[in-house]
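Q: So the sequence lines, in the order shown, correspond to chains Y and X. Residues in the first sequence are numbered from 59 upward in steps of one, following this note's numbering. Residues in the second sequence are numbered from 3 upward in steps of one, following this note's numbering.
A hint or two may mislead.
[As the list claims (entries may be wrong)] Partner residues aside, some chain Y positions facing chain X, computed with beta carbon under 10 angstroms:
no., residue
1, I175
2, D189
3, H191
4, A198
[Stated by the list, open to error] Within a straight-line C-alpha distance of at most 25 angstroms, the following computed SDA-like cross-link-like pairs (lysine to any residue) qualify:
no., chain 1, residue 1, chain 2, residue 2
5, X, K164, Y, H181
6, X, K62, X, T73
7, Y, K120, X, S40
8, X, K238, Y, P105
9, X, K238, Y, N297
10, X, K62, Y, N297
11, X, K263, Y, P131
12, Y, K120, Y, F99
13, X, K263, Y, H181
14, X, K83, Y, G185
15, X, K164, Y, E293
16, X, K83, Y, A198
17, X, K83, Y, S166
18, X, K164, Y, P113
19, X, K139, X, Q242
20, X, K263, Y, S166
21, X, K62, Y, I281
22, X, K263, Y, G272
23, Y, K120, X, Q39
24, X, K238, Y, L95
25, X, K139, Y, E65
26, X, K275, X, K139
27, Y, K120, X, A115
28, X, K83, Y, E97
29, X, K83, Y, S275
30, Y, K152, Y, A186
31, X, K238, Y, V103
32, X, K83, Y, E230
33, X, K83, Y, R282
34, Y, K120, X, A38
35, X, K164, Y, L176
36, Y, K322, Y, L89
37, X, K139, Y, V103
38, X, K63, Y, P113
39, X, K83, Y, G272
40, X, K164, Y, P105
No lab work stands behind these hints: they were computed from the structure. Beta carbons: idealized from backbone N, C-alpha and C, even for Gly.
This is what each chain is made of:
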Amino acid sequence: MKVKAPEAPKSPAAIALLAFALFWIALVIVLPLVNVLFEAFRTGVAPYLAAILEPDAISAIKLTLLVAAIAVPLNAVFGIAAAWCITRFEFRGKGLLLSVLDLPFTLSPVISGLVWILLFGAHGWFGAWLDAHNIRIVFALPGLVIATVLVTLPFVARELIPLMLDQGTDEEIAAVTLGARGWDVFFRITLPNIKWALTYGVLLCTARAMGEFGAVSIVSGHIRGLTNTLPLHIEVLYNEYNTVAAFATASILAGLAIVTLILKTLLEWRFADELAAHRRH
Amino acid sequence: MTHARANRRLFLKTLTGAGIAAGAGLSLSACGKPAAQSLLNVSFDPTREFYAAYNSLFAKKYATGGKPAPTFNQSHGGSGKQARAVVDGLKADVLSLALAHDIDAVAATGLLAADWASRLPNNSVAYNSTILLLVRKGNPKGIKDWGDLVKPGVQVITPNPKTSGAARWNYLVAYGWALRANNGDEAKAQAYLEALFKNVPVLDTGARGATTTFIQRGQGDVLINWESEALMSAAKDGAQFDIVYPSLSIAADTPVAWVDKNVAANGTEALAKAYLEGLYDEDAQTLAAQHFYRPTNADVLKSFADRFPAIEQLNIDKDFGGWTTANARHFEQGALFDQISAKVFKA
Numbered sequence: 059m060k061v062k063a064p065e066a067p068k069s070p071a072a073i074a075l076l077a078f079a080l081f082w083i084a085l086v087i088v089l090p091l092v093n094v095l096f097e098a099f100r101t102g103v104a105p106y107l108a109a110i111l112e113p114d115a116i117s118a119i120k121l122t123l124l125v126a127a128i129a130v131p132l133n134a135v136f137g138i139a140a141a142w143c144i145t146r147f148e149f150r151g152k153g154l155l156l157s158v159l160d161l162p163f164t165l166s167p168v169i170s171g172l173v174w175i176l177l178f179g180a181h182g183w184f185g186a187w188l189d190a191h192n193i194r195i196v197f198a199l200p201g202l203v204i205a206t207v208l209v210t211l212p213f214v215a216r217e218l219i220p221l222m223l224d225q226g227t228d229e230e231i232a233a234v235t236l237g238a239r240g241w242d243v244f245f246r247i248t249l250p251n252i253k254w255a256l257t258y259g260v261l262l263c264t265a266r267a268m269g270e271f272g273a274v275s276i277v278s279g280h281i282r283g284l285t286n287t288l289p290l291h292i293e294v295l296y297n298e299y300n301t302v303a304a305f306a307t308a309s310i311l312a313g314l315a316i317v318t319l320i321l322k323t324l325l326e327w328r329f330a331d332e333l334a335a336h337r338r339h
Numbered sequence: 003m004t005h006a007r008a009n010r011r012l013f014l015k016t017l018t019g020a021g022i023a024a025g026a027g028l029s030l031s032a033c034g035k036p037a038a039q040s041l042l043n044v045s046f047d048p049t050r051e052f053y054a055a056y057n058s059l060f061a062k063k064y065a066t067g068g069k070p071a072p073t074f075n076q077s078h079g080g081s082g083k084q085a086r087a088v089v090d091g092l093k094a095d096v097l098s099l100a101l102a103h104d105i106d107a108v109a110a111t112g113l114l115a116a117d118w119a120s121r122l123p124n125n126s127v128a129y130n131s132t133i134l135l136l137v138r139k140g141n142p143k144g145i146k147d148w149g150d151l152v153k154p155g156v157q158v159i160t161p162n163p164k165t166s167g168a169a170r171w172n173y174l175v176a177y178g179w180a181l182r183a184n185n186g187d188e189a190k191a192q193a194y195l196e197a198l199f200k201n202v203p204v205l206d207t208g209a210r211g212a213t214t215t216f217i218q219r220g221q222g223d224v225l226i227n228w229e230s231e232a233l234m235s236a237a238k239d240g241a242q243f244d245i246v247y248p249s250l251s252i253a254a255d256t257p258v259a260w261v262d263k264n265v266a267a268n269g270t271e272a273l274a275k276a277y278l279e280g281l282y283d284e285d286a287q288t289l290a291a292q293h294f295y296r297p298t299n300a301d302v303l304k305s306f307a308d309r310f311p312a313i314e315q316l317n318i319d320k321d322f323g324g325w326t327t328a329n330a331r332h333f334e335q336g337a338l339f340d341q342i343s344a345k346v347f348k349a
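Build the full structure now, drawing on both the sequences and the hints.
A: Below is the structure:
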């Protein structure tokens with residue numbers, strides 16, 4: 059079944075709408091991004107390289123990748139489990155679970171950071187116990203990870219749920235009737251069916267995890283070279299009137315976002331047929 | 003079928019790639035710092051350059067005593083926010099904040115002795131700054147002193163005293179000047195502050211924000227600010243403004259202290275004490291002066307006399323009864339500043 063391609067706009071109203079949309083995208087997305095690059099290279103390539111190869115910048119980049127490398131797999135596993143539960147079983151409170159899953163989307167990142175201070179800070183519920191056992195959570199790596207996990211919690215699950223609902227359970231039931239065991243069904247039927255949506259969700263989750271500012275700002279402690287992630291490092295540089303370095307480092311973060319976007323577009327382009335085929339089931 | 007297999011292979015490759023990237027991230031972070039002693043200095047915003055220089059100076063001196071050279075970690079932010087983070091469990095060995103009041107707030111939780119100020123010379127103030135005025139190049143509005151700030155048509159940039167240490171210093175000098183100009187008449191001093199804040203178009207949350215508003219965004223005719231910030235900005239891009247030394251300012255004391263409980267837990271007590279005591283050495287005092295802070299060593303201060311002109315200064319303890327009294331009178335919920343802003347900003 060082939061959908062008829064939309065026509066090129068002809069009426070003046072349609073052309074005006076299109077022109078406005080393009081203008082708006084140029085104004086709020088393209089212009090600021092171009093400006094980042096322009097400011098980053100304003101004084102040439104050498105200051106740019108110096109800014110991104112400085113030890114504090116390198117450690118911020120490493121820390122950001124490390125936090126994402128821990129938080130994203132956790133949320134991928136959680137996302138698959140949650141999507142599986144929600145789309146394969148009927149249970150009481152499913153609607154509630156779905157709503158709670160969306161909470162991090164609507165919650166201000168300040169709160170997503172502050173809750174961990176209230177739990178694990180020196181005067182938080184578990185503060186005294188943690189201190190007595192010399193365990194550091196906030197103002198250290200674990201705090202950065204849990205704050206990021208909370209903020210990026212829904213990304214994978216929210217990608218999987220609509221697809222898995224669409225696909226239904228026919229193939230899995232067929233596999234079970236043919237004698238497949240639980241993990242066989244998961245690895246040979248479910249996972250192959252959702253792999254591209256999963257990859258897509260993981261990409262979005264990674265981009266968000268690396269870019270998170272608000273929540274990690276609260277739990278970071280801002281120790282240079284130790285607990286400053288890339289977004290926090292950029293803010294510090296900017297506040298120090300170090301504009302070139304701030305924008306140079308920002309260009310790395312923007313670069314990571316653009317790579318993510320390209321991967322996502324490639325996925326959609328390469329596997330559009332397959333994704334559409336799954337949806338037809 | 004072949005298509006599906008190719009797909010699976012591609013998918014596995016993607017996963018492996020992600021795995022390798024994650025592994026690389028982990029191993030990179032695993033090779034951390036060597037086991038030499040390390041010290042966390044939690045400080046306020048504009049001291050970064052000074053402490054970066056002092057850390058290497060101190061490390062060299064400390065290592066000549068036969069001990070391994072220590073490593074230093076720095077955390078900078080608004081003074082009040084930094085104190086809050088230490089209260090919440092940021093394991094600072096050393097505090098170097100903008101106000102004694104912020105160290106008092108940490109001491110109130112029992113992390114360090116209440117009499118911390120008496121443990122080091124000069125009330126634990128190794129370097130300080132003062133408050134002065136920045137005006138546009140050529141001083142087009144003819145601003146000479148505090149009295150000129152309430153003239154109609156003059157826009158004044160100062161941060162919010164509720165959130166900024168610098169802003170509290172700014173506010174107190176202005177109030178102290180008005181008291182003196184009106185022979186101690188408090189009602190007239192309050193009226194002066196009302197007129198002053200009527201001329202304030204934006205209240206930034208911190209001193210750096212206010213500086214950016216004035217210099218980068220070109221807002222306002224006069225900026226009330228730290229001398230250290232003003233001199234540093236002037237060294238960077240002085241073409242845009244002039245510095246005005248008013249008839250009266252305040253000794254903006256920026257004290258230091260070690261955090262007893264944290265240094266005991268980290269075994270860094272001796273190191274932390276040596277680190278702070280070293281701030282009073284002549285070379286460290288010179289370094290502070292080079293980074294635009296007024297050294298408290300009189301001889302070193304004299305040798306930088308052209309950088310730091312003598313200026314009459316109020317004193318927080320003698321003229322305002324100390325921070326506890328000053329806060330209760332001016333900055334707490336419902337105190338004088340709240341009354342003034344209720345009149346000025348909600349009119």
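Q: Please go over all the hints and tell whether each is borne out by the structure.
A: So, going through the hints one by one against the coordinates:
A distance limit of 10 angstroms between C-beta atoms decides the matter here; for I175(Y) the minimum to chain X is near 5 angstroms, and the interface restraint holds. Among the interface hints, the one on D189(Y) holds; its C-beta lies about 7 angstroms from the nearest C-beta in chain X, closer than the 10 angstroms criterion. The restraint placing H191(Y) at the interface with chain X is violated, with a minimum CB-CB distance near 12 angstroms, outside the 10 angstroms limit. Interface restraint check: A198(Y) against chain X, minimum CB-CB distance 9 angstroms, threshold 10 angstroms, status holds.
With a C-alpha separation of about 23 angstroms, the suggested pair K164(X) and H181(Y) falls inside the 25 angstroms cut-off, and the hint holds. Between K62(X) and T73(X) the CA atoms are separated by roughly 11 angstroms; this keeps the pair inside 25 angstroms, and the hint holds. In summary, the hint linking K120(Y) to S40(X) is supported, as the alpha carbons are separated by about 21 angstroms, within the 25 angstroms threshold. For the suggested pair K238(X) and P105(Y), the alpha carbons sit about 17 angstroms apart, so the restraint of at most 25 angstroms is met.
Distance hint between K238(X) and N297(Y) is fulfilled; the C-alpha atoms sit about 14 angstroms from each other, no more than 25 angstroms. At roughly 29 angstroms between alpha-carbon atoms, K62(X) and N297(Y) are farther apart than 25 angstroms, so this suggested pair is violated. A threshold of 25 angstroms between alpha carbons decides the hint, and for K263(X) with P131(Y) the separation of about 37 angstroms lies outside it, so the pair is violated. A hinted pair counts as satisfied when its Cα atoms are at most 25 angstroms apart, and K120(Y) with F99(Y) qualifies at roughly 23 angstroms.
Note on K263(X) and H181(Y): the hinted pairing holds, with a Cα-Cα distance of about 15 angstroms set against a maximum of 25 angstroms. Of the pairs offered as hints, the one joining K83(X) and G185(Y) holds, with about 19 angstroms between alpha carbons and a cut-off of 25 angstroms not exceeded. Proximity of K164(X) to E293(Y) is assessed by CA-CA distance (about 22 angstroms); at most 25 angstroms being required, the pair is judged to hold. Among the hinted pairs, K83(X) with A198(Y) is consistent with the structure: their alpha-carbon atoms are about 17 angstroms apart, no more than 25 angstroms.
Proposed proximity of K83(X) and S166(Y) is supported: the alpha carbons are some 19 angstroms apart, at most 25 angstroms. A C-alpha spacing of about 35 angstroms is found between K164(X) and P113(Y), which places the hinted pair above 25 angstroms, so the restraint is violated. With a C-alpha separation of about 5 angstroms, the suggested pairing of K139(X) with Q242(X) holds against the 25 angstroms cut-off. Under the criterion of a C-alpha separation no larger than 25 angstroms, the hint pairing K263(X) with S166(Y) is inconsistent with the structure, at around 34 angstroms.
Distance check on the hinted pair: K62(X) and I281(Y) sit about 22 angstroms apart at the alpha-carbon level, within 25 angstroms; holds. For the given pair, K263(X) sits about 29 angstroms from G272(Y) by alpha-carbon distance, which is inconsistent with the 25 angstroms threshold. About 23 angstroms separates the Cα atoms of K120(Y) and Q39(X), which keeps this hinted pair within 25 angstroms; it holds. With a C-alpha separation of about 23 angstroms, the suggested pair K238(X) and L95(Y) falls inside the 25 angstroms cut-off, and the hint holds.
Between K139(X) and E65(Y) the CA atoms are separated by roughly 60 angstroms; this puts the pair beyond 25 angstroms, and the hint is violated. Restraint check for K275(X) and K139(X): the C-alpha separation of about 44 angstroms exceeds 25 angstroms, so the hint is violated. For the given pair, K120(Y) sits about 38 angstroms from A115(X) by alpha-carbon distance, which is inconsistent with the 25 angstroms threshold. Using a Cα cut-off of 25 angstroms, the hinted pair K83(X) and E97(Y) is violated, with the two alpha carbons roughly 30 angstroms apart.
Of the supplied pair hints, the one linking K83(X) and S275(Y) holds, its CA atoms being roughly 11 angstroms apart against a limit of 25 angstroms. Proposed proximity of K152(Y) and A186(Y) is contradicted: the alpha carbons are some 36 angstroms apart, above 25 angstroms. Restraint check for K238(X) and V103(Y): the C-alpha separation of about 21 angstroms stays at or below 25 angstroms, so the hint holds. For the proposed pair K83(X) and E230(Y), the alpha carbon gap of about 54 angstroms is over 25 angstroms, so the pair is violated.
Distance hint between K83(X) and R282(Y) is fulfilled; the C-alpha atoms sit about 16 angstroms from each other, no more than 25 angstroms. For the suggested pair K120(Y) and A38(X), the alpha carbons sit about 22 angstroms apart, so the restraint of at most 25 angstroms is met. Pair hint K164(X) plus L176(Y) holds up; C-alpha atoms about 23 angstroms apart against a cutoff of 25 angstroms. Of the pairs offered as hints, the one joining K322(Y) and L89(Y) holds, with about 22 angstroms between alpha carbons and a cut-off of 25 angstroms not exceeded.
For the proposed pair K139(X) and V103(Y), the alpha carbon gap of about 33 angstroms is over 25 angstroms, so the pair is violated. Between K63(X) and P113(Y) the CA atoms are separated by roughly 23 angstroms; this keeps the pair inside 25 angstroms, and the hint holds. Between the alpha carbons of K83(X) and G272(Y) the distance comes to roughly 15 angstroms, so the proposed pair stays at or under 25 angstroms and holds. Using a Cα cut-off of 25 angstroms, the hinted pair K164(X) and P105(Y) is violated, with the two alpha carbons roughly 38 angstroms apart.
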